[in-house]
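Novice: Protein chains in written order, with our numbering: chain D, 1 to 172; chain G, 1 to 398; chain P, 1 to 75.
For the record, the hints were derived by calculation from the structure and aren't laboratory data. Computed from a prediction, not measured in an experiment: that's the story for all the values here. Hints may be right or wrong, so weigh each one.
Stated by the list, open to error - Just a sample of chain D residues kept apart from chain P, beta carbon distances all over 12 Å, derived:
hint: 1; residue: A34
hint: 2; residue: Q54
hint: 3; residue: F64
hint: 4; residue: P71
hint: 5; residue: K110
hint: 6; residue: A111
hint: 7; residue: Q128
hint: 8; residue: V147
As the list claims (entries may be wrong) - Using C-beta positions, here's what the derived DEER-type ranges look like:
hint: 9; chain 1: D; residue 1: P156; chain 2: G; residue 2: P248; range: 18 to 24 Å
hint: 10; chain 1: G; residue 1: A101; chain 2: D; residue 2: T168; range: 47 to 53 Å
hint: 11; chain 1: D; residue 1: A102; chain 2: G; residue 2: A101; range: 35 to 41 Å
hint: 12; chain 1: D; residue 1: P156; chain 2: G; residue 2: Y257; range: 51 to 57 Å
hint: 13; chain 1: D; residue 1: P113; chain 2: G; residue 2: F398; range: 51 to 57 Å
hint: 14; chain 1: G; residue 1: Q344; chain 2: D; residue 2: V171; range: 49 to 55 Å
Every residue, glycine too, gets a C-beta built ideally from N, C-alpha and C.
Residues per chain, in single letters:
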Amino acid sequence: MRNRNAMAAVLATILALTLPAWAAADSAADAVTAAPAPAFTLQSTSGQQVSLAQFKGDVVMINFWASWCGPCRQEMPLLQSIYQKYKDMGFTLIGVNVEPDAKTANAWLKATPVTYPVLYDPQSQVSQLYQVQAMPTTVIIDRTGAVRYVHRGYMPGDENTYLNSIRTLIVQ
Amino acid sequence: MSVRPGRLPSWCTRALIALCSISAPALAGVLPPDRADLLYHRYQGGGITVQGPSVLVQKKIGDHFSIGANYYEDMISSASIDVLLSASPYREKRTQKSVSAEYLHGKTTYSAGFINSVEPDYKANTSYYSVSQDMFGDLTTVTMSYRRGWDQISRDIKQNGFIINDPAFHQRADHRVYGVSVSQILTRNLISTFDYELSTDQGYLASPYRQIRYLDPNNPLGYTLANQVYPGTRTSDAFSVELKYYVPYRAALTGKYRYFTDSWGIVAHTFQIDYIQPIRHHWTFDGNIRYYRQGAASFYSDLFPYAGYSNFMARDRELAAFHSITLGVEASYSFSIPRLTWIQKSTATLSFDRMMISYLDYRDALFSKFDPGAIRAGQEPLYSLDANVFQAYVSLWF
Amino acid sequence: MRTLSVVLAAALLASITACAPVEPWVKPYEREHLADAIMALDRNPVSSTYLDHVFESREGARGATGGVGGGCGCN
Numbered sequence: 001m002r003n004r005n006a007m008a009a010v011l012a013t014i015l016a017l018t019l020p021a022w023a024a025a026d027s028a029a030d031a032v033t034a035a036p037a038p039a040f041t042l043q044s045t046s047g048q049q050v051s052l053a054q055f056k057g058d059v060v061m062i063n064f065w066a067s068w069c070g071p072c073r074q075e076m077p078l079l080q081s082i083y084q085k086y087k088d089m090g091f092t093l094i095g096v097n098v099e100p101d102a103k104t105a106n107a108w109l110k111a112t113p114v115t116y117p118v119l120y121d122p123q124s125q126v127s128q129l130y131q132v133q134a135m136p137t138t139v140i141i142d143r144t145g146a147v148r149y150v151h152r153g154y155m156p157g158d159e160n161t162y163l164n165s166i167r168t169l170i171v172q
Numbered sequence: 001m002s003v004r005p006g007r008l009p010s011w012c013t014r015a016l017i018a019l020c021s022i023s024a025p026a027l028a029g030v031l032p033p034d035r036a037d038l039l040y041h042r043y044q045g046g047g048i049t050v051q052g053p054s055v056l057v058q059k060k061i062g063d064h065f066s067i068g069a070n071y072y073e074d075m076i077s078s079a080s081i082d083v084l085l086s087a088s089p090y091r092e093k094r095t096q097k098s099v100s101a102e103y104l105h106g107k108t109t110y111s112a113g114f115i116n117s118v119e120p121d122y123k124a125n126t127s128y129y130s131v132s133q134d135m136f137g138d139l140t141t142v143t144m145s146y147r148r149g150w151d152q153i154s155r156d157i158k159q160n161g162f163i164i165n166d167p168a169f170h171q172r173a174d175h176r177v178y179g180v181s182v183s184q185i186l187t188r189n190l191i192s193t194f195d196y197e198l199s200t201d202q203g204y205l206a207s208p209y210r211q212i213r214y215l216d217p218n219n220p221l222g223y224t225l226a227n228q229v230y231p232g233t234r235t236s237d238a239f240s241v242e243l244k245y246y247v248p249y250r251a252a253l254t255g256k257y258r259y260f261t262d263s264w265g266i267v268a269h270t271f272q273i274d275y276i277q278p279i280r281h282h283w284t285f286d287g288n289i290r291y292y293r294q295g296a297a298s299f300y301s302d303l304f305p306y307a308g309y310s311n312f313m314a315r316d317r318e319l320a321a322f323h324s325i326t327l328g329v330e331a332s333y334s335f336s337i338p339r340l341t342w343i344q345k346s347t348a349t350l351s352f353d354r355m356m357i358s359y360l361d362y363r364d365a366l367f368s369k370f371d372p373g374a375i376r377a378g379q380e381p382l383y384s385l386d387a388n389v390f391q392a393y394v395s396l397w398f
Numbered sequence: 001m002r003t004l005s006v007v008l009a010a011a012l013l014a015s016i017t018a019c020a021p022v023e024p025w026v027k028p029y030e031r032e033h034l035a036d037a038i039m040a041l042d043r044n045p046v047s048s049t050y051l052d053h054v055f056e057s058r059e060g061a062r063g064a065t066g067g068v069g070g071g072c073g074c075n
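With the sequences and hints as input, model every part of the structure.
Specialist: This is the structure:
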């Protein structure tokens, strides 16, 4: 009885401590790439068709978000202040809402408005195109149209990582 | 010194040791939301009334830590069938305090907690630890947990008109529970959970108050009461499966099944169906049905044929063969408090459950006690019990 | 012995599957329904803990009452 307890305890401890290692393949570290950003055109909240191509020559930050995603909602006011700060320096921010039904997103935007363009991706076309693997996902594209940084998720303090990337790319 | 037999054993305490999931993380890869709950609970049935408060607070500290605390009370007033058979009604209070902490690192959550439960004749301490890991694109969450409980059991006796702990009675019980749980998202609308727990107990696992009875033609009652004898160990396996489905018009349907077996010979099945329906913006209704069926422990009998029939003998109805149906309804109203802007969401909930237990091999021995000769021992009607469980609580998220 | 084998088997299965990364078939942006509050596995811990306690006090069975997971899968 005691031996069995001891064995079970040892086994359980080993398994529990190695759990994080099993999921190592899933690690959400920032990805640094140089592949060209896929082109897309989506409808914005103002009803216009907006394409990525319009912003060629600017540093573009695309933020994939949804109103049901807590970290996304937490992040957006900070994105708004980043947009206000850099928008006159050849930088633009595009929000892509991934919800099939825009009702809740619109209600939330009404309560917490942003001035950067917000586009609807109800069919998940652009989400698939950009291989979105976490909510939220922030993609930063340089002036030549290449994807330079992909940041998955949002934890308070991540806005500093965004600012570093933006400052690096703005002067290029 | 007189013994006060027949009291409700501390199944309450023992049950809570096995639980300890007060602050198990409810979401994967994210710390539990900050919240405070104030609950009033009341159980009434089978001659027992148990009521009291439960207060729970959960708060994040920084971005990686969350702590929780719970204060819980049971105020017990008991004139149950066991008490009436061989003792007098009593009142007592059980107080339980617990604290817990969680640490989130990437996709891994580490939790630890401690529970302390005190009542006049039972003191229980429990510590628990768990590790929870998200994997496969957050579709799978694997949790491993370990719980360890230490109980000190006393027995209340009456001396000079006062109730004190019998100085000649000190017992211990130790518990260990190992758990593995996997939750798996199957589709955009369906999530499944598989849960396995292995429990081992050692020490004094009986009640100091309950007794068995055996056939005794020399006794005008037809039977004589005697002490129970329980095994000193118990090992059990419990395995459950749950499916939760999002109904397209916005409702949630849950189906759950649990299989239980242990070294005392008990086999039990639990089936549960739950339906949650939100209405408009403020109301949420919940209806559920639970069916439970249990086979008796191998050393259980309502009436043993003679004294010293076997090594282990028990007459606790919790170990008898029975089935029960519980019907529950719940209504929850979501409201906002205009002046307190730091409160994000608040709800007030009322919940009512009716539990109906029918025993298949536990008889109402009070019939022969109060009218000996009219009904022979072993011929009394089978006992059944209906209980009402009421909860009222307010929850705040901040 | 039997229960130890079960635990070992579960661990082995988990490690095998961890070696071959599986493409998640429900994308993070498709988790709207799963993130809904009514789909939470344990909506009201203070109430469910209490009810579990009521049942365990009256019954011989114990354990395997809860699960952790689901939700929005954010971060």
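Novice: Next step is simple, just say for each hint if it's right about the structure.
Specialist: A quick look at each hint next to the structure:
1. A34: Nearest chain P Cβ is 24 Å from D:A34, so the label holds.
2. Q54: Nearest chain P Cβ is 23 Å from D:Q54, so the label holds.
3. F64: The claim is violated: D:F64 sits with its nearest Cβ about 7 Å from chain P, within 12 Å.
4. P71: The claim breaks: D:P71 does not keep its Cβ more than 12 Å from every Cβ of chain P (closest is about 5 Å).
5. K110: Check passes; 19 Å lies beyond 12 Å.
6. A111: holds, 18 Å
7. Q128: violated, 8 Å
8. V147: holds, 18 Å
9. D:P156 x G:P248: 18 to 24 Å: violated, 35 Å
10. G:A101 x D:T168: 47 to 53 Å: violated, 39 Å
11. D:A102 x G:A101: 35 to 41 Å: This hint holds: roughly 40 Å between Cβ atoms.
12. D:P156 x G:Y257: 51 to 57 Å: violated, 41 Å
13. D:P113 x G:F398: 51 to 57 Å: Taking Cβ atoms as reference, D:P113 and G:F398 lie about 24 Å apart, which means the hint is violated.
14. G:Q344 x D:V171: 49 to 55 Å: Violated - the Cβ-Cβ distance for G:Q344 and D:V171, about 40 Å, lies outside 49 to 55 Å.
Checked against the numbered hints above, the structure breaks hints 3, 4, 7, 9, 10, 12, 13, 14 and satisfies the rest.
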